[in-house]
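Student: Sequence:
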Amino acid sequence: MSSLSLHYKSKDKNGTGTTVKKTFLVPLNEIYVEPGFNVREIDQVHVEEFRDAFIEGEYVPPLAVQVTEQGVKIIDGHHRYHGALLATAAGHEIPRLECKDFIGSDADRIAFMVTSSQGKPLTPLERAAAYQRLSNQGWEASEIARKVKRSVADVEHHLQLLTCGDTLIEMVRTGEVSATTAVALSREHGSQASTVAAEKMTEAKAAGKKKLTRNAAMPKFSSAKAMAFIQAIADADTEVLIPQPAEAILAEYREFMKKAGWEDS
910 MSSLSLHYKS
920 KDKNGTGTTV
930 KKTFLVPLNE
940 IYVEPGFNVR
950 EIDQVHVEEF
960 RDAFIEGEYV
970 PPLAVQVTEQ
980 GVKIIDGHHR
990 YHGALLATAA
1000 GHEIPRLECK
1010 DFIGSDADRI
1020 AFMVTSSQGK
1030 PLTPLERAAA
1040 YQRLSNQGWE
1050 ASEIARKVKR
1060 SVADVEHHLQ
1070 LLTCGDTLIE
1080 MVRTGEVSAT
1090 TAVALSREHG
1100 SQASTVAAEK
1110 MTEAKAAGKK
1120 KLTRNAAMPK
1130 FSSAKAMAFI
1140 QAIADADTEV
1150 LIPQPAEAIL
1160 AEYREFMKKA
1170 GWEDS
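Take the sequence shown: its letters are residues 910 to 1174, numbered as in our numbering.
Please keep in mind that the hints were generated in silico from the structure rather than gathered at the bench.
Note that this is a predicted model, so its numbers are computed, not measured.
In silico PhoX-like pairs for lysine-lysine, Cα to Cα no more than 25 Å straight-line: (1) Lys1056 <-> Lys982; (2) Lys931 <-> Lys982; (3) Lys930 <-> Lys918; (4) Lys1058 <-> Lys1009; (5) Lys982 <-> Lys930; (6) Lys1009 <-> Lys918; (7) Lys1029 <-> Lys1056; (8) Lys1009 <-> Lys1056; (9) Lys918 <-> Lys931; (10) Lys920 <-> Lys931; (11) Lys1120 <-> Lys1109; (12) Lys1029 <-> Lys1120; (13) Lys1119 <-> Lys1109; (14) Lys1009 <-> Lys1029; (15) Lys982 <-> Lys1029; (16) Lys982 <-> Lys1009; (17) Lys1029 <-> Lys1058; (18) Lys930 <-> Lys920; (19) Lys1009 <-> Lys931; (20) Lys1009 <-> Lys930.
Work out the full structure: start from the sequences and follow the hints.
Tutor: In structure tokens, the structure reads:
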């Protein structure tokens, strides 16, 4: 069995277009984490999965790093790094980790954390925090969207999530409320969104629910019943006294029915 290394060394004979992109084996004690840099919260279960992978000798992708005055800073691979520390603490020393250079600006580093396929999937709040960092650097929503390869609506939605208030944000963090429900509540109730969410969550828990759904958070009157009510008024044999705004809606409804062929002209 051959290898890419041998395949590359024989390029003059086999004509391969294979090239080399180096990685480096960096001592574990030279690698460091910059506090607050990683938008992902450390998931201990995920760390332990990497610990087990190191102990079992399984393949672990290289870390993306940047060399600074303090040492070798992790750009992507925080869970892999903590997994290596746990493996070492468990008696299975990991002297070095495979690393590759990350080249780019601060914005590039943030975008890389968002788009990297090697990292643990971002939660809505983690993604929102990354977008906010770019926004703080003066990036418009459309520019952020292009940078992270998402829609403008996705960027705006996540940025608004961070404006929902501490109480509602904490409910999203704990899983009591989804990010989409939180944003919908914020758009509907503004500064009162957290209060409304807390009240509705209390009602949901009293009913034995663990999560506040959008329907429970923002109940709506039955559209079928509303339609039936309008139809009943339109079909009334006697004159019904209703406010002027309702008269306008009723007239629009009757015109719609005529054009649709469901009512005689």
